[in-house]
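Enquirer: Start from chain A and add chain B according to the hints.
One-letter residues, chain by chain:
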Amino acid sequence: MIERLKLYARIYAIQLKNNWVRETVYRANFVTAVGVDIVWILVEVSLFAVIYSNVPSIAGWTKYQVYFFLGIFFTSDALFTVFFQRNFFNFSDLVNKGELDILLTKPVHPLFLALSRWINLTAIFTISMGLMIAVHYAPQAGFAGGMRWALVLFWMFIGVISAILLRFAFAVWIFWTDRNWALVRLYYQFFAFASKPDAIYPKVIRYLILTFIPFAFIGSVPARALLHGLELWEYLALVLVLLGFFILNTILWRRGLRRYQSASS
Amino acid sequence: MNWRLAALKNGFKDYTAYRVEFLMEILGNAIVPAAIQWVLWYAIFKTDGATELAGMTYVQMLHYTLVSVLFNQVRGGDQDFELAEMIRTGQLSNYLIRPVGLIQFIYIRGVASKLLISALSLAIGIVLSVSVLSSEASPLRMIGAMLLALLGNVIHFQIGAVLSAMAFRWEDAYGLLMVKNMAVSILSGELLPLNLFPESMSWIWKSTPFYLYVFGPAQYALGEWTHLEFVRQLGVAFLWIFVLWVLIRFTWGLGIKKYVSLGG
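These protein sequence lines map, in sequence, to chains A and B. Per this note's numbering, the first sequence runs over residues 19 to 283. Per this note's numbering, the second sequence runs over residues 61 to 324.
For reference, chain A alone in the conformation it holds in the complex (with noise of 0.2 Å):
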């Protein structure tokens, strides 16, 4: 077991060296990475300055506790894209090109192979953006500090999990489709609406992101968390939710799996 998990470590450290080699060459292109980044963070958080410049609050939810999630967020989504969001962009290429046939010869799961490959660097930038804007309106959102940071780190992996497996549900219908282009569109429609606390979302809304699309878990549940704890329902709903994800992923990879024959698939 031990060696196994050293032959995956070294893999890693492979795969990160390229990746690192490959970014410092194109110098330019991280730069602009950086710029988009920071562009996107100023979209969205004045998208809620504007709504704010009128209302108080929105579902309870101040300016500064709102500004909160989204530096939890930007951190989740981040995480995520610095190590799985490349991944799952060539997915699709791996199976429709047949490129997957060459994984799965290899000794070690042709999923860790295929969703570790690319690692994003640039994204660490975005990390750091996040994690400033939720250490600095922390105070002011009401959150308790403290050792409570601690919980940060669980929660951001809660987020980066949920991530992963709702991608991955959308990424795994390659196998059946000629290309799957419309549902990673769709995945990134409905990422939309991981950018808002759950809160503000009517009953009908708020349980479909809480269970069946559960996009609420990447940011808003760890935000809400860190806020002002969960009941305890929710924790149990958070773990079948995630746990049902995960089974289903495993059921249609292994099925997908059956289902491919290299190029022609």
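Hint data in this document are derived by calculation from the structure and do not stem from the laboratory. Don't be surprised by glycine CBs; every beta carbon is placed ideally from N, CA and C. Check each hint, because a few of them may be wrong.
[Stated by the list, open to error] Here are the simulated PhoX-like cross-link-like pairs (lysine-lysine), alpha carbons at most 20 Å apart as the crow flies:
hint: 1; chain 1: B; residue 1: K106; chain 2: A; residue 2: K81
hint: 2; chain 1: A; residue 1: K35; chain 2: A; residue 2: K24
hint: 3; chain 1: A; residue 1: K124; chain 2: A; residue 2: K24
hint: 4; chain 1: B; residue 1: K106; chain 2: A; residue 2: K221
[What the hints assert, rightly or not] Negatives, chain A to chain B, calculated, CB over 10 Å:
hint: 5; residue: N37
hint: 6; residue: V126
hint: 7; residue: Y155
hint: 8; residue: F175
Expert: This is chain B only, laid out in the frame that chain A set:
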């Protein structure tokens, strides 16, 4: 003229080849932004009990959301990204030897799907204007508003074409185009009515042409702009188109001189 029609036809075939994806894109682009806007208004008006937001009632906000979704379908396109990629990879050479205006060709081929969507949106808009929307709305206003939205589409591509010329000098113009699209998302009125901006900040959206894409057409369609104001805004749109046309000629003229066919 023939090559333009052929480009339009090819563009239309390209987009409708994958019909399910085409429909999913339209639905996704319409339903999700509308739902996001609606939940915000729902939270402010229904949950918090506000009666007015920047002088607009809940019903007026919903009307804005409905209409803005129609015009949002028409705005933009990815042709500017295509131009930048062609410069970066050197594929531009294949087009330079053809007897067509390159920028026009790329625009016309890409706009085909938007023309179909704008016709559909217009039909829905006309039905809405005689049924759901307020008495100030009318089919005539809807047609005028759609015309403005189409001019907005031209402006959007022109800005993209100017920015993509950066690819002649820089290894990648992708970031610039992304930044432009992000600015458009908030300054076009796609996410919220621009009159929600505080007065001290309204210069930001007034100084770009982005408001002509969604907010402007929505204002005219909903009867918030007079006919005279609409004509004035049409003039503003044509002025932007002219200025950007000059800028395209300038930036591409300079860029082509630097182009070495292996990339920008």
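Enquirer: Now tell me if each hint is right for this structure.
Expert: Hint by hint, here is what the structure shows:
no., hint, in the structure
1, B/K106 <-> A/K81, "19 Å, holds"
2, A/K35 <-> A/K24, "16 Å, holds"
3, A/K124 <-> A/K24, "16 Å, holds"
4, B/K106 <-> A/K221, "12 Å, holds"
5, N37, "18 Å, holds"
6, V126, "33 Å, holds"
7, Y155, "20 Å, holds"
8, F175, "27 Å, holds"
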